[in-house]
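Engineer: Each chain, written out:
Protein chains: 2
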Amino acid sequence: MPFLEENLLEERKSPTSKTSKTTYLLFISISISLLLFTASPPPKSTYHSLYVSVSESENVTVSHHLLILTRRPHVAGSPANADAASYVLSTLTSHSLRTHISSYHVALNYPLSRSLTLTRAHPLGPTITFSLDQEIYAGDPYADVAREAVPTFHAYARSGSVAGNVAYVNYGRVEDYATLKGMGVNVSGTVVLVRYGKIYRGDIVRNAYEAGAVGVVVYTDTKDYGGGVDGKWFPEDRWMPPSGVQVGSLYIGAGDPTTPGWASTSACERMDDEEIERGGGIPLIPSLPVSSADGEAIMEAIGGHVAPDDWQGGAESIDYRVGPGPGFLNLTYNGNQTITTIQNVFGVIEGVEEPDRYVLLGNHRDAWTFGAVDPNSGTATLLEVARRLEKLQKRGWKPRRTIILCNWDAEEYGLIGSTEWVEENREMLASRVVAYLNVDCAVSGAGFHVSSTPQLDKLLKQATQQVQDPDNSSQTVYESWIQSNDSQMVGRLGGGGSDFASFIQHVGVPAVDMFYGGEYAVYHSLYDDFVWMQKFGDPMFHRHVAVASIWGLVALKLADDEFLPFDYVSYASELQRSTKELENEILGKPISLSPLYKSIEQLNKAATKINDQRKALEGNGWASMWGKDPLKVRELNDRLMMAERAFTDRDGLFGRPWYKHLIYGPSNHNDYGSKSFPGVDDAIEKAKSSNTTESWKSVQHEVWRVSRAVTHASLVLNGKFT
Amino acid sequence: MPFLEENLLEERKSPTSKTSKTTYLLFISISISLLLFTASPPPKSTYHSLYVSVSESENVTVSHHLLILTRRPHVAGSPANADAASYVLSTLTSHSLRTHISSYHVALNYPLSRSLTLTRAHPLGPTITFSLDQEIYAGDPYADVAREAVPTFHAYARSGSVAGNVAYVNYGRVEDYATLKGMGVNVSGTVVLVRYGKIYRGDIVRNAYEAGAVGVVVYTDTKDYGGGVDGKWFPEDRWMPPSGVQVGSLYIGAGDPTTPGWASTSACERMDDEEIERGGGIPLIPSLPVSSADGEAIMEAIGGHVAPDDWQGGAESIDYRVGPGPGFLNLTYNGNQTITTIQNVFGVIEGVEEPDRYVLLGNHRDAWTFGAVDPNSGTATLLEVARRLEKLQKRGWKPRRTIILCNWDAEEYGLIGSTEWVEENREMLASRVVAYLNVDCAVSGAGFHVSSTPQLDKLLKQATQQVQDPDNSSQTVYESWIQSNDSQMVGRLGGGGSDFASFIQHVGVPAVDMFYGGEYAVYHSLYDDFVWMQKFGDPMFHRHVAVASIWGLVALKLADDEFLPFDYVSYASELQRSTKELENEILGKPISLSPLYKSIEQLNKAATKINDQRKALEGNGWASMWGKDPLKVRELNDRLMMAERAFTDRDGLFGRPWYKHLIYGPSNHNDYGSKSFPGVDDAIEKAKSSNTTESWKSVQHEVWRVSRAVTHASLVLNGKFT
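Going down the list, the sequences are from chains A and B. FYI, the numbering for the first sequence is 0 to 721, going by numbering that gives the first Met the number 0. FYI, the numbering for the second sequence is 0 to 721, going by numbering that gives the first Met the number 0.
Do not take every clue at face value.
A pair counts as met if it fits within one copy or between any two copies, since identical chains are not told apart.
To be verified - Using 35 Å as the maximum straight-line C-alpha spacing, the simulated DSBU-like pairs for lysine-lysine come out as follows:
hint, residue 1, residue 2
1, K608, K457
2, K393, K608
3, K614, K627
4, K627, K534
5, K197, K614
6, K390, K719
7, K390, K579
8, K393, K719
9, K687, K614
10, K631, K460
11, K588, K627
12, K597, K460
13, K460, K397
Think of the hints as simulated: they come from the structure by calculation, not from any bench. Computed from a predicted structure; not experimentally measured.
Next comes chain A alone, as it looks inside the complex:
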């Protein structure tokens, strides 16, 4: 082919003519012609079917992983948790993933001393000193290692000693204090007794402080967590034993409190205690969590008005009264805050066609005690996903996009491992990550639950249609799922409950959180161990296997589908629904939602349009036969990926600038809350209490902000400058 050779020489002579690719294309074309008469690999869907075709032994592998991961308590920063990291790392490596550990140096704290005594002031009764220990039952296989568990405490609790009459304040919500005020009960100067259950414990202590309390005791009411006096409890039943205590963090926010917004690297800037206090995420009065037995003992010492009906305990309980007093509590907590090294473990399978587009699967590893449910059911499942992906790779599969399995540390303290990593890698995440798929507790019981950003709804339905229900082999997970849910099938990610938070709420990465569960009464207690899982959570480990199937399948579709399986029409419908809800909240107020409705209409149009464009690009016959311009596919996918980012606003929520997403974020008074439009929600709450013109104007401003974010998302979907 002399013509070709001549041209090539010319190319060499003229270094500026590199951009002319015609001759190279010719070369390529001929080479392809010669090379391609070999068998083509099976389509990706074949591999996806293979991925979910479960054999008999998966459950054994998963349960083995869980057994090993939960041999000892492994709180963040402990040697036991570093051992668990090694196990995860070596398992991922053994499954042919490229692995590494990313460490951060974060401020964690541990209890040094705790004491709680109850005195009856009038008439002077005996003083009870609570042991604050969780009992070990006869025959407990973990009796030896149980003492390695961190003593029951609240992470980031205020150190100090306080004393006061005790007042009962129900779940410690803002409205509970309002009820007490209405009853003429003043909790100022008291130590409040609160029951766990409705709001995040950080908000429990904050609300108590704001109501004037000097200390907080949070207990597990048997009404909410089972295992009452006459009932059965672990190890006989799934319920919390009377001495069981829910440990947990009080931090309101995400990530290391000493490094707000940036990564806790070895030599980084750190806020001092005073600055952290000003940040508002750290409690200002001491607190302790206690068991149902201790809570009941304290309750018996409270007199005064009988509490309202919905404040009462179970059928067998005494009448709850609100006090304050005559019971008097002395509470001491001293904690030790240190900069501790934590480890995030990663396993990577590099994408072949789009190595710079990422699908992330994440679960945390650190546990308050053994972590059989929380979080190592998820960790075991993650390792099972790794095993199956290796199986696919051995059969010739390679993902189109890069898949990263992430195993986070220090989630329990405040989503720390994931948040520090997200803060460090923020810029890359913002422009390259397709989706983050979280599984915290993979299994705590029966019933499939999933939350996600709405463009993923359809994909989640499709994936669950391909996986068998672990509890009813005659149907799919999808079929059981739609039978069990009355209203909204897919939940949303407004709360700060797990490691998805920084991905969606700080960066705007489409996200999913899923689990099998319900009736998980031993949450954050010493009894969250392998025995509990085997007896009550998932005796056959088939639910774990099902989560591995759904989680991995969603990841595979996101990683392999030429066009990202995102549908923003669902997003528009969901926003429409949320706006309708909002309408009810502001009835009769001087607020117009029409900017928001208009922007949602635009979004719906843009979403429909891009769906049509995708169909056109997918094409039929010739269009698809000829293959697609990879940059055209990329362009459309980038719009689908980046539209979620557009829901974030760089200035963030008012007063909480770390939270950038204007649709999904925690509510100001309950970090577990998952309402839409958190900024609007906060503003309404303020306006309802102050009821000034100015405050309602702020609500309108927040409505405008959301509508502008929605408009930005439409523009991104359209992919055209105005």
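Got chain A sorted already, so can you dock chain B onto it with the hints?
Structural biologist: Chain B in isolation, oriented as in the chain A frame:
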């Protein structure tokens, strides 16, 4: 080819096997083989050479455009400026660009009434009432239309009447008020006389307000603008006539003040006057600009201490004294603020290979008067760029990336047209724009000047090496440029001086601003007309042609080069240099710059590494012969493009959250300032005046913030997650 057909049938039968492209590739390869034995187009560099190969007539075309654009005064919002928009639109359309207009509804204001009188209180002298008119000279061809010019005023000036003894405050800088204080002069309650020149006029009025003045008169000192009593002035010479007045805006900030951070669309949220006032960008005391003649008349009425030597006027001036009084000024200004429609005009040439990557060339159109220099020398040049691009297209050239020519409106009021558009399109700009190339005043005299973000330095040098010096045909622009500059050749974009601001400072888009100029004394006056340009600015219009060459060539390289011509090693050196400067400023203070130095070292490493990776991808022999994977090229280019974004911080500068870029932004006390590290600069200024431990800690915090941004940029260049 039976094998193929069979496979195709199989594909049709199995809809899930679409991702298998083997068979299609085969099809493609054969088709390419058949098709490619046609001539290949010339390399892009040939077109680029053609672009700069200027014939004899370019200057005629450019001068014709300028003549038409400057026929009448055309302030933003005027019908004359809408006519100019039509001219730009039709010219771009005639040059085969796809054009459109994007309108915004912005708050502009115009003077309703103005008056200024001077009385000598002691002894009672005659009252002078200033006409505040700019005189028309005999034979002025624009005499008829000159009255269409907006009366001399300050845009966004405070309406009201004030009176007081007049005090002379030099350039009205913070340090000038400090000098007065040192002299025992109290300016509280006075109307201050300030001369234009060293700082932004918005800061002049703000500083006066902060010093306690009740009104401000800003005049043009012949010392700084030429044309003194015995000198010559326009039309005899380039200098400002005695009655010439520099009009201009006082707004401190960018974009419509009623829509901070969002686009001024027809039905959008708007801040009310009170909220705007709280924003701090709008002056709180009335002011007027006056001529040198009026300024001198006022100066003559000022007694008191003789002003310091460097406060004095030219050789022919009287002695300047500081007052206050005995001269007494009555100043009235009333303006009319209305929501006005403005038009941005766009012309697009769609990229063939990467239509979703953009190179933007921008210039504004609105002028305070005729705008021959400011800004329509740039507009005429933009139209010349369009003409030449059409010429290339006719010869078969198509850009790799999309090129957009932008013609902004209402720049003079506060970069409004460009800012509203950037705010509306922020998300797309952030992820898709390669660079923004600004030309405001293309030509005001001799001497090439350019400012840019540092990764573009090398490209600017290369481009100027390809263009002939318009004032010395024996050498290139580059050669004259290096001869004329003693220290730093390329300036930086920290100031708020033109439409590049929102691109670089709000979004983090790499940017350039260039012009030919010097001794442009008629700035913002009635005399900035075609006659001035023809007589003094660019008699042959060859400088215009040279700007068109450089501007377009830089754009072509950015649009056509397979790999983006960005070099971050320059960025690292530049940051190193700026940090050294910073070191001098904080000598002896408790500030460590080592985090910053470390991060710059990382950046330098990352920049070197990506340069090597580019070389490897560009390859020799086989590697380049086979063509490159377009997604691999894209991946590397994305890192180069997005690294600049990483210098922005979503929270923005302290107290000025709209400014997101931590390296380049205006200084707090002078919007024209263009220092590096504006956040550090602000903090140092505060710390130096308060000198508390807390304030120096804030400086350290700002140093940390910058170093984290630099680290983010390195991570983006590396393209790897930690």
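Engineer: All hints, please: hold or fail.
Structural biologist: Hint by hint, here is what the structure shows:
1. In this assembly of identical chains, the alpha carbons of K608 and K457 lie at most 35 Å apart only when taken from the same copy (17 Å versus 42 Å across copies).
2. Taking identical chains as interchangeable, the C-alpha atoms of K393 and K608 lie at most 35 Å apart only when they sit on different chains, with a minimum of 34 Å there against 39 Å within one chain.
3. Proximity of K614 and K627 under a CA criterion of 35 Å is satisfied in both settings, with 13 Å inside one chain copy and 28 Å between copies.
4. In this assembly of identical chains, the alpha carbons of K627 and K534 never lie at most 35 Å apart, being 53 Å within a copy and 57 Å across copies at closest.
5. Taking the shortest alpha-carbon separations for K197 and K614, neither the intra-copy value of 45 Å nor the inter-copy value of 59 Å comes in at or below 35 Å.
6. Proximity of K390 and K719 under a CA criterion of 35 Å is satisfied inter-copy only: 26 Å between copies versus 42 Å inside one chain copy.
7. Taking CA atoms no more than 35 Å apart as the test, K390 paired with K579 passes in neither setting, with 47 Å inside one copy and 56 Å between copies.
8. With identical chains, the CA atoms of K393 and K719 are at most 35 Å apart between copies only, with a shortest distance of 26 Å across copies and 43 Å within one.
9. Taking CA atoms no more than 35 Å apart as the test, K687 paired with K614 passes in neither setting, with 47 Å inside one copy and 62 Å between copies.
10. For the homomeric pair K631 and K460, the shortest alpha-carbon distances inside one copy (28 Å) and between copies (34 Å) are both at most 35 Å.
11. Taking CA atoms no more than 35 Å apart as the test, K588 paired with K627 passes in neither setting, with 53 Å inside one copy and 60 Å between copies.
12. Within a single copy, K597 and K460 get their C-alpha atoms as close as 28 Å, which meets the 35 Å cut-off; across copies the closest is 49 Å, which misses it.
13. For the homomeric pair K460 and K397, the shortest alpha-carbon distance inside one copy (25 Å) is at most 35 Å, but the shortest distance between copies (45 Å) is not.
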